[in-house]
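Two chains, each in its own frame: build the complex with the hints.
Going line by line, the protein sequences match chains D and B.
Under our numbering, the residue at position 173 of the first sequence is numbered 173, and the numbers go up by one with no gaps.
Under our numbering, the residue at position 91 of the second sequence is numbered 1091, and the numbers go up by one with no gaps.
These are calculated hints, taken from the structure and not from any lab test.
The beta carbon of each residue, even a glycine, is placed where N, CA and C say it ideally should be.
Be aware that one or more of the hints could be misleading.
[Unchecked claim] Among the chain B residues that face chain D by a calculated CB cut under 8 Å, a handful are:
(1) R1003
(2) I1005
(3) I1018
(4) V1019
(5) E1021
(6) R1023
(7) D1045
(8) G1046
(9) T1052
(10) D1056
(11) P1059
(12) L1064
(13) D1083
(14) L1112
(15) V1131
(16) K1147
[Unchecked claim] Just so you have them, the derived chain B footprint on chain D, three or more residues with Cβ under 8 Å:
(17) 1 to 12
(18) 37 to 47
(19) 51 to 65
(20) 106 to 112
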Amino acid sequence: MRAAAFDYHAPSSLDEAVGLLAEHGDDARVLAGGQSLVPAMNSRLARPGHVIDINRIAHAERPHVSAGRLRIPPLMRHVDFDTLAVDGPLGPLMRDVTRHISHLPIRLRGTFCGSVANADPASEWCLATTVLGAEMIARSARRGVRNVLAKAFYESIMTTALADDEMLVEVQIPLLSPFVRYGFHKIARRSGDYGLALCLVVYERDEDEMVKVRVGLGGVEAVPRRLGAVEELLERRQPSRRLFREAADLAAEIADPLVTADGDEAYQRDLTRAVVTRALDRSLEG
Amino acid sequence: MSRNIRITMEVNGEDRTIVVEARTTLADALREGCHLTGTKTGCEDGVCGACTVLVDGEPIRSCLMFAVQAHGRAVRTVESLSDGITLHPLQVAFHEHHAVGCGYCTPGLLMLTLGALERSPEIDEDEIQRVVAANSCRCTDAHAVVKAVRAAQTAMRAGRE
Ligand SMILES: Cc1cc2nc3c(=O)[nH]c(=O)nc-3n(C[C@H](O)[C@H](O)[C@H](O)COP(=O)(O)OP(=O)(O)OC[C@H]3O[C@@H](n4cnc5c(N)ncnc54)[C@H](O)[C@@H]3O)c2cc1C
Ligand code: FES
Ligand code: FES
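Isolated chain B (complex conformation) (with noise of 0.2 Å):
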């Protein structure tokens, strides 16, 4: 096979096509080859979660999935949660919260608590507080983020309802 390879994949429910390297990490695809730079990078390791985006659903280091498996995949960033009005409740409950320091690990955390909601709606604090602590933040203080997605997941059930 190839070294640079045209894939397509979903992304906030438009097909992509693009070319990219079997090298090329689905961070830096994102971000260069889809010029969506909400997604963020910060030690490309595995270990900060700044990069976190759901693919199928499922929030995951998008610096250590390469592109070309993405291929066939929906994937969501965070330029999908909200149209530029209206925000969405993990948004506005971050804001609300204080959640949000320099707001560099922001899209991160709101992909990686929306995708822990969307697998388990009902989860307790204990749980939020584990699913937070994926994710580093040098700001804000991880309870305000903890407040934050406990209020979203309240709001989010009653916009089930």
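Looking at chain D on its own, in the form it has when it is part of the complex (with noise of 0.2 Å):
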């Protein structure tokens, strides 16, 4: 099939964008990769009927580091985090999370941000948003610049709380301390799908000890989220393999799985206790 009509605009700036979603709406979306859009659209499920590609503005690709946050502009792109974005473990982290994202020509075009705008439930930023604590950075043409907490952007699957004449135009991740280890585990089909559960471990090593434990579970529920409880059950504890049982057994426990076609609540459960187990294990790992 091919997609609807639609009539194409150009921008050179971020100001003229904001400008045309002002004017056009609900009606409008914002082409930035195009790796979940054109498909939406070619299978007309999305039918816009303006699109902004945002391609065309310049000094929009590289990010910068300041006030102790890494900031992401709306066109980097996936395979730009091959390359350390930022000093300390925040750079790898974002290196290793970028490799699970699909093959390389998609991770040539998708951009973060367009990730982040799509808010499908298993996708990689979406997770790594909500774990590092991120903010996005709304800007429209009336109401001007918001910040918006991960926390309260993902309302529900591929829903934002990103308004129909509001652009995604940055998102800031606080730098981690240099005491930071890290997990990332995703359980897919085939190498380069949509992960059927993803997690995504951080901690700070105090002695022998885990602290400032963050444990984010995707693609399991209609939006990523961290297991507080599990969080809790690990604060203050020395890493083990039994413990990480113990946590992995309390994330399948609480975790509240999206009802798919394919897939059943049991088989969620294991799937959720398999990967927060993994990422766990990786944390300690190198």
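In structure tokens:
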């Protein structure tokens, strides 16, 4: 099938882009990498009357660091995280996560901000922004700029706090302490597919204990979420296989799986147990 | 802006000016607008990779890019690889290593692996395997494709020296 007809706009600045969004509102869509929007348009799940292609906006590709945050612009692609975006553990963490997103041709086009705006429950970046406490910077022509915390940003499946006339102009991620350890794991049917379950674990080592523990689960529920009870169980404890097993069991118990056509609930809980165990195990490697 | 748009892109080294609808994909523009039918489409959903071409040197899914987005850019398709007499080292290697079955996926695989080798000429076997996994083939053994790309990598290196 082919996309429904639309008017094409190629703004050369962010001002112009948000101006077009203000003008066309819910009949317009931002086109970033197109790796989610174009399939949706080709199958007519999406039929915007106006497409605002942001790929010709200059200086929207490179990240920078300021005030203790990594600031990610709208045209930074998945593949750009292959080279370390920042010093400290955040750079390698982002590199390890991005390698799980699909394959080279998709990674060359797809953008970080596009993934965040798209809010797929199984998106790597939606999980990472949730666990890392990112802030999303939304901008509209009429109301200017506002910041939304990841926790409030993902509202439900493919639905975010962005209004129809708002563009995601930046995502800010707080830098990580040098004592941070992390583990990421994804379970997918085939390499390069969206994950069935994903888990990202981040904590600091204080002597032998884990502190400031963060455990996020993606792909299983409607939106990625930090599992508070699991974090409490691990806080100020020494890592061990046995403790990790206990934490994974708890995660499986408290997860609230999406009911999908091809997965039954028990299977989703098994996936949760497995993915949390492996992410925790990974945090001890390297 | 209008729904019918005149675009100019460099296709296999030549400037081509065509009129497309905004919704026309690059894959359709190449096949129907430029009459270059080497580029195939399968899923038109970004999954299979049959439509892979190079845009400014990067291997991308041409079913997921609108043709208007290629305005002012350089596109390379499988037709650029050979003049019909001498084959490109990748084509030679695919032939020698039996990496072609029905051939439907081959143009996509050739452009994918060419793009990957041009970006990183020294990628190792693991990385080649990861690259090749991006595209689906329903006939051949993926190991044959990986072997062919390894052989082509050596031939291309020798060609550069
Ligand atoms: C075969 C295949 C496999 C994939 N596998 C994975 C995977 O394993 N994991 C994964 O996370 N993703 C996967 N993806 C999706 C890919 O990561 C996309 O790149 C990503 O979801 C969307 O980014 P994009 O830049 O392509 O956005 P687009 O497709 O251009 O846009 C997606 C949505 O976000 C909106 N949008 C984009 N940018 C902005 C902005 N700056 N402000 C406001 N709205 C915006 C668009 O209007 C649209 O609604 C896969 C895609 C394909 C085709
Ligand atoms: S036709 Fe483009 S990826 Fe299948
Ligand atoms: S050779 Fe037939 S699909 Fe690959």
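How the hints compare with the structure:
Checking R1003 (chain B) against chain D by beta carbon gives a least distance of about 6 Å; that is within 8 Å, so the hint holds. Here the hint on I1005 (chain B) is kept, as its CB sits about 7 Å from the closest CB of chain D, short of 8 Å. With its C-beta approaching chain D no nearer than about 15 Å, I1018 (chain B) sits outside the 8 Å limit, and its interface hint is violated. A hinted interface residue such as V1019 (chain B) counts as satisfied when its beta carbon comes closer than 8 Å to some beta carbon of chain D; here the least separation is about 13 Å, so the hint is violated.
The closest approach between the C-beta of E1021 (chain B) and any C-beta of chain D is roughly 7 Å, which is under the 8 Å cut-off, so the hint is satisfied. With a cut of 8 Å, the hint placing R1023 (chain B) at the interface with chain D holds, because the nearest CB-to-CB distance is about 4 Å. With 8 Å as the threshold, the beta carbon of D1045 (chain B) comes within range of chain D, its nearest partner Cβ sitting at about 5 Å, so the hint holds. Taking 8 Å as the C-beta contact cut-off toward chain D, the hint placing G1046 (chain B) at the interface holds, the least distance being around 5 Å.
Interface restraint check for T1052 (chain B): the shortest CB-CB distance to chain D comes to about 6 Å, inside 8 Å, so the restraint holds. A cut of 8 Å between beta carbons decides the hint on D1056 (chain B): the least distance to chain D is about 10 Å, and the hint is violated. The interface hint given for P1059 (chain B) is met, as the beta carbon of that residue sits about 5 Å from the closest beta carbon of chain D, less than 8 Å. Here the hint on L1064 (chain B) is kept, as its CB sits about 4 Å from the closest CB of chain D, short of 8 Å.
About 26 Å separates the beta-carbon of D1083 (chain B) from the nearest beta-carbon of chain D, more than 8 Å, and the hint is not met. Of the supplied interface hints, the one on L1112 (chain B) holds, with its beta-carbon coming within about 7 Å of a beta-carbon of chain D, less than 8 Å. Interface hint status for V1131 (chain B): upheld, as the beta-carbon distance to the closest one in chain D is roughly 6 Å, under 8 Å. Annotation: K1147 (chain B) was flagged as interfacial toward chain D, and the flag is violated, the nearest CB pair being 19 Å apart, outside 8 Å.
Here's how the region 1 to 12 of chain D fares: 10 of its residues keep a CB closer than 8 Å to some CB of chain B, so the rule of at least three is met and the hint holds. Only residues whose C-beta sits within less than 8 Å of a C-beta in chain B count toward coverage, and the region 37 to 47 of chain D has 5 of them, enough to reach three; the restraint holds. Remark: the region 51 to 65 of chain D is confirmed as covered by chain B, as 3 of its residues place a Cβ nearer than 8 Å to a Cβ of that chain, reaching the required three. With a threshold of 8 Å between beta carbons, the proposed coverage of the region 106 to 112 of chain D by chain B holds, since 3 of its residues qualify and at least three are required.
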